[in-house]
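Visitor: Here are the chains, one letter per residue:
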Amino acid sequence: MSDPTAASIVSTPPAERPTEVGAPTNAGLPENARKEKPRGLLGDAWRDLRRKPLFWISAAFIVLFLLMAAFPWLFTNGDAVNGSLSRSRVEPSANGWFGYDVQGRDVYARVIYGARASIVVAVVSVFGTLLIGGTMGIIAGYRGGWVDALLSRIADVFFGLPFVLGAIVILTTFNGSGTSNSKWEIMALVSLSLMVLGWPVVMRLMRSSVLATKEADYIVAARALGAGTGRIILKHLLPNCLAPLLVYGTIMVGSFIGAEATLSFLGVGLKTPVVSWGIMISEAQNYIRVSPFLLFFPAAFLVTAVLSFVMLGEAVREALDPKLR
Amino acid sequence: MRVSKRATSAVALGAAFALVASGCSGSDSDGGDAGASADGAITIDGTQPEVPLVPSNTTETGGGAIIDWMWTGLVEYPNDGGAPRNAVAESIETTDSKVYTVKIKQNTKFHDGTPVKAKNFVDAWNWGAYSPNGAQNGSFFADIQGFGDVHTEDPDGAEGPQKAPEPKAKEMSGLKVVDDWTFEVTLAAPTAVFPTKLGYSTFMPLPDAFFTQKPDEFGRKPIGNGPVKFVSWEDDVQIKLTRFDDYTLNDKLKIKDVNIKLYQDDTAAYNDLVSGNLDFQQQVPVSSLAGDKWKADLGDRAIQTTTPSTGIIAFPIYDKRFQNAKLRRAISLAINRQEISDKIFFGSRKPADSWANPLTPGAKQGNCTACQFNVDEARKLLAEAGGFQGELVMYYNADASHKEWMEAVAQQVKTNLGINARAEGVPTFAVFRQNINAHKMKGMYRAGWQQDYPDVENWVNPLYVTGGSSNDGLYSNKDVDALAKAASSAPSLEESHAKFAEAVALIDQDVPTVPIYFGGQQSGHSEKIKKLELTNVGELDLSSVEL
Amino acid sequence: MGRYLLRRLLQLIPVFIGTTFLIYWLVWSVPGDPFAGKCGERPCPDSYVNMMTEKFKLDEPLWVQYGNYMQNLFQGDFGQTWSGRPIGDIIATAYPNTLKLAVVALAIEAVIGLAAGVLTGLRRNGFLDNLVLVSTLFMIALPVFVIGFVLQWVLGVQWHIIKPTVSSEMRISELIVPGFVLGSASMAYIARVARTSIAENRRADYVRTAIAKGLPMRRVVGVHLLRNSLIPVVTLLGTDLGALMGGAIVTEGIFGINGIGRQVFRAIVTKESATVVSIVVVLVLVYLLMNLLVDLLYAALDPRIRYE
Numbered sequence: 001m002s003d004p005t006a007a008s009i010v011s012t013p014p015a016e017r018p019t020e021v022g023a024p025t026n027a028g029l030p031e032n033a034r035k036e037k038p039r040g041l042l043g044d045a046w047r048d049l050r051r052k053p054l055f056w057i058s059a060a061f062i063v064l065f066l067l068m069a070a071f072p073w074l075f076t077n078g079d080a081v082n083g084s085l086s087r088s089r090v091e092p093s094a095n096g097w098f099g100y101d102v103q104g105r106d107v108y109a110r111v112i113y114g115a116r117a118s119i120v121v122a123v124v125s126v127f128g129t130l131l132i133g134g135t136m137g138i139i140a141g142y143r144g145g146w147v148d149a150l151l152s153r154i155a156d157v158f159f160g161l162p163f164v165l166g167a168i169v170i171l172t173t174f175n176g177s178g179t180s181n182s183k184w185e186i187m188a189l190v191s192l193s194l195m196v197l198g199w200p201v202v203m204r205l206m207r208s209s210v211l212a213t214k215e216a217d218y219i220v221a222a223r224a225l226g227a228g229t230g231r232i233i234l235k236h237l238l239p240n241c242l243a244p245l246l247v248y249g250t251i252m253v254g255s256f257i258g259a260e261a262t263l264s265f266l267g268v269g270l271k272t273p274v275v276s277w278g279i280m281i282s283e284a285q286n287y288i289r290v291s292p293f294l295l296f297f298p299a300a301f302l303v304t305a306v307l308s309f310v311m312l313g314e315a316v317r318e319a320l321d322p323k324l325r
Numbered sequence: 001m002r003v004s005k006r007a008t009s010a011v012a013l014g015a016a017f018a019l020v021a022s023g024c025s026g027s028d029s030d031g032g033d034a035g036a037s038a039d040g041a042i043t044i045d046g047t048q049p050e051v052p053l054v055p056s057n058t059t060e061t062g063g064g065a066i067i068d069w070m071w072t073g074l075v076e077y078p079n080d081g082g083a084p085r086n087a088v089a090e091s092i093e094t095t096d097s098k099v100y101t102v103k104i105k106q107n108t109k110f111h112d113g114t115p116v117k118a119k120n121f122v123d124a125w126n127w128g129a130y131s132p133n134g135a136q137n138g139s140f141f142a143d144i145q146g147f148g149d150v151h152t153e154d155p156d157g158a159e160g161p162q163k164a165p166e167p168k169a170k171e172m173s174g175l176k177v178v179d180d181w182t183f184e185v186t187l188a189a190p191t192a193v194f195p196t197k198l199g200y201s202t203f204m205p206l207p208d209a210f211f212t213q214k215p216d217e218f219g220r221k222p223i224g225n226g227p228v229k230f231v232s233w234e235d236d237v238q239i240k241l242t243r244f245d246d247y248t249l250n251d252k253l254k255i256k257d258v259n260i261k262l263y264q265d266d267t268a269a270y271n272d273l274v275s276g277n278l279d280f281q282q283q284v285p286v287s288s289l290a291g292d293k294w295k296a297d298l299g300d301r302a303i304q305t306t307t308p309s310t311g312i313i314a315f316p317i318y319d320k321r322f323q324n325a326k327l328r329r330a331i332s333l334a335i336n337r338q339e340i341s342d343k344i345f346f347g348s349r350k351p352a353d354s355w356a357n358p359l360t361p362g363a364k365q366g367n368c369t370a371c372q373f374n375v376d377e378a379r380k381l382l383a384e385a386g387g388f389q390g391e392l393v394m395y396y397n398a399d400a401s402h403k404e405w406m407e408a409v410a411q412q413v414k415t416n417l418g419i420n421a422r423a424e425g426v427p428t429f430a431v432f433r434q435n436i437n438a439h440k441m442k443g444m445y446r447a448g449w450q451q452d453y454p455d456v457e458n459w460v461n462p463l464y465v466t467g468g469s470s471n472d473g474l475y476s477n478k479d480v481d482a483l484a485k486a487a488s489s490a491p492s493l494e495e496s497h498a499k500f501a502e503a504v505a506l507i508d509q510d511v512p513t514v515p516i517y518f519g520g521q522q523s524g525h526s527e528k529i530k531k532l533e534l535t536n537v538g539e540l541d542l543s544s545v546e547l
Numbered sequence: 001m002g003r004y005l006l007r008r009l010l011q012l013i014p015v016f017i018g019t020t021f022l023i024y025w026l027v028w029s030v031p032g033d034p035f036a037g038k039c040g041e042r043p044c045p046d047s048y049v050n051m052m053t054e055k056f057k058l059d060e061p062l063w064v065q066y067g068n069y070m071q072n073l074f075q076g077d078f079g080q081t082w083s084g085r086p087i088g089d090i091i092a093t094a095y096p097n098t099l100k101l102a103v104v105a106l107a108i109e110a111v112i113g114l115a116a117g118v119l120t121g122l123r124r125n126g127f128l129d130n131l132v133l134v135s136t137l138f139m140i141a142l143p144v145f146v147i148g149f150v151l152q153w154v155l156g157v158q159w160h161i162i163k164p165t166v167s168s169e170m171r172i173s174e175l176i177v178p179g180f181v182l183g184s185a186s187m188a189y190i191a192r193v194a195r196t197s198i199a200e201n202r203r204a205d206y207v208r209t210a211i212a213k214g215l216p217m218r219r220v221v222g223v224h225l226l227r228n229s230l231i232p233v234v235t236l237l238g239t240d241l242g243a244l245m246g247g248a249i250v251t252e253g254i255f256g257i258n259g260i261g262r263q264v265f266r267a268i269v270t271k272e273s274a275t276v277v278s279i280v281v282v283l284v285l286v287y288l289l290m291n292l293l294v295d296l297l298y299a300a301l302d303p304r305i306r307y308e
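So the protein lines, in turn, are chains F, U and Y. As numbered in UniProt numbering, residues 1 to 325 make up the first sequence, in order. As numbered in UniProt numbering, residues 1 to 547 make up the second sequence, in order. As numbered in UniProt numbering, residues 1 to 308 make up the third sequence, in order.
Don't read these hints as lab results, they were simulated from the structure. Check each hint, because a few of them may be wrong.
[Stated by the list, open to error] With a straight-line cut-off of 30 Å between C-alpha atoms, the simulated DSSO-like cross-links for lysine-lysine are: (1) F:K183 with U:K414; (2) U:K119 with U:K221; (3) U:K531 with Y:K163; (4) F:K183 with U:K442; (5) Y:K57 with U:K170.
Throw the hints in and build the complete structure from the sequences for me.
Guide: This is how it looks when you write it as structure tokens:
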């Protein structure tokens, strides 16, 4: 694909007014702010964020989940691993708030202990996927030409891989039965396979944003002023293209928690003493008709966690996005 | 033995080969309306056969059921689980359990109109045994004299670079056609149970037409000699069968057409069954078993039966951690089978208390003393055995529903013995079996056994005799071997069963495996079907169906 | 434009070869012997394994096997499954079914996702906005199996609104519920991305101008706002058709649709390289063509993007 040339700019009306990123940052700020040192993009964003209740609520939830992941014993003294069949599928009560699962394990304790694997795997893989896909997307979209063609076609090849096939091969090679990987190694491997199989979508998304943005006047202006490629990408392109990526990424946290469960269920993911929300949800499937609470609690935690990430992402995006200032 | 190929199936073992009193739903005693039955059609649940339908080449339940319907063998197994009786055979006679004279009925026909003659059996068996044909059930003919000449072993196993030598002969010397309606079978060694085996699908006759075309082509349009004949096969969608009007044996069909709908998911089939779009499902899905929902959904159309299959967890005795019989016994005694039956299987599979499934002729009930639940004794034995070092992993194949019960067993061993036990899934049955076949298991593993033919012999020789075809844990006890050998070649079934009982008593002391549960089957039918019975293997007995 | 199209079509060739080889190699490296589990709890006779090995030339090195496969492929022969069924037949019967299901799912997902996205984008942080967010997130959090099962049970078995399984004719009306189930996981993405895009562009000058000109709101949204906000949505939808086709296995199973999902899964676990590659290659062609279409749509939607 050829680089869209400057001709297109002349022919189209400016879609967006150049933003004030390049302008003195303190121009429109209140009196007291003007005395401070000029802040960068991040400083602005932080100022913006501090004033949003949405940010504080979602951040509080995320901190709570992170605490859960790091120190589960703070939240429960129940046993997440050992059960007794005598309490199999006992409904929620004062003794066991969330009831007991088929194996007679405490669902509350399992949900708490499940936060670690779920959140670590999901966040690490989403972060990795965004990083790989985002970088590739920016390069492909900005450089265009053969670079774009090459990267796009590599993405196509990866995109064509069936998820189950790719994951089985990657994970059985490194995590087959009989291997004694620690649970951290397994989590890393699971995240790795999710990244390898997940980046092409992000790359396409980023590329589309860059294509739409890169001929905007402020980019052209920056280029005309002699800004280097790195500066244009980091200071101008990235903040303006981040929106769809952040939105997609935060929701992806949810699907990756589910994907991790699929892998565990196939026998290539996390192994038994380790528990995750995804595993709990798949274990509950056969009992939806008799014991729906087995499905409800892990799903509710999952939705709350994803909701917090989505809201946080939303707040951060609005703060970062110069167009919404 | 057959494997169920529906990954989501509740019973991964499949309700395959078994002999069972099929206590069909009692409410149907009034029978059906003869008029409605005569031209009636039913739609039943099935799975896409793995391979084209050739009897000696089918080892899974989807194709196996269709072969059982389309063919009638020399003997048949009655639905009530009794001793086999003659079907196509007029008589099977022997004086020494080594040479059998088989006379067949003269008036039976294949679906293409040709008569079923002695040579159809002999040719079919020779085809199945001849190793270059690669029939999956080829080894079933190993009893017959001359098998070694037509079936050569690969000198370095199938994986090795060397090829198996060309067999010396094309036909087994032990098979002789006497006249059109008589043939003689000479076995390599006396085998009392041989006539019992003849009802298994591998021993079915093949029409002359089979030998004039490629087996795969035949298998796409199979020609059998049973009560129903083949009409059409639309891959992954449906297989249609219809009544064979020239059928002369007793088990004629009362209905006309049988439509086998090929489902990939048993839940889909079940929902069709409940809403009246399907007439019979052999095994309802796990999600409907929980809390006995299926009984509420189906009412008196729910059928609970037992199948002679047993869920087992085996020890890799080649691993020296498991060589102490006291340790093995301790683990077995620490498992509360009743609780697993109640909580995990909702009572649909009964706790195992004997080595051979008690429905099998010759098997003794309750002869597994290691199957009791006795924590004190277990702890004592474990202490005597010197405890267990390290982690005890129990492996299962994750592509079928074994996770729940394997985890429950591991948890009980952990709680009751203080051994660090856990269950772990292996992604596919293929990888799982490959490691088991190669004797590379690093812990205990799930096994299952469904008998191929109804006799206790099938529960001892393949599993617990040195070199047995499924003795994967390499258990070996000279006394057991000697007793089993004597039992197999005993002149009568009674003497054979008595000897096997002695062998089983020795096995009980050694605990080479841990039997956990006996198989159960939960089927359902539509309101349209007024009367039906299940066969000894839990399949629908088509000839019993009335509308 | 023409030259661009030609170049893109030519690029299909290396992608095609790269994908086929990569997948062939992956299936080849799936652990396990294809015939180890074939005969149940006892090993298959060596004679059977030998015959299959010879028939499918499985003792040849990977390169030779792949070469043979490609050679046959160019002669229009997709090869055979282990059971001797021509893979071409499987593709011919299963593909149209899966494609139909995926297109229905895509349509449902686009309509519901876009509608929700536009509504919530125009009125952010209202009750409706939060409702849409939470309900779409629940669809992501719950496995497809659960959504499918519940809908099938309630609509099919209890209320008799639909037949629980789809007949072999695959009528569109029968596919609405399965399509909804299949598309449910992507709905949140579409709704969310559309919402963001709309909300962002809503403040753009051209929208303000359009409103100031006195254009009716319907026209502002429909013509000016929507068109400019569609790029990320179209990208997602474009990549999703392929994903829907490849990821339909559970939905196909629940609703008894004879599609490619089960064939691919079965072939992966039994190591039938030829089947996996043949099916996935056609899938990859769909991805590639969709991506090409999406790239062309960019130019149509946004005049700033030009291909020359």
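Visitor: Compare the structure with each hint and give your call.
Guide: Okay, the hints, checked on the actual structure:
no. : hint               : result
1   : F:K183 with U:K414 : 20 Å, holds
2   : U:K119 with U:K221 : 21 Å, holds
3   : U:K531 with Y:K163 : 26 Å, holds
4   : F:K183 with U:K442 : 19 Å, holds
5   : Y:K57 with U:K170  : 25 Å, holds
Violated hints are absent here; each numbered hint is respected by the structure.
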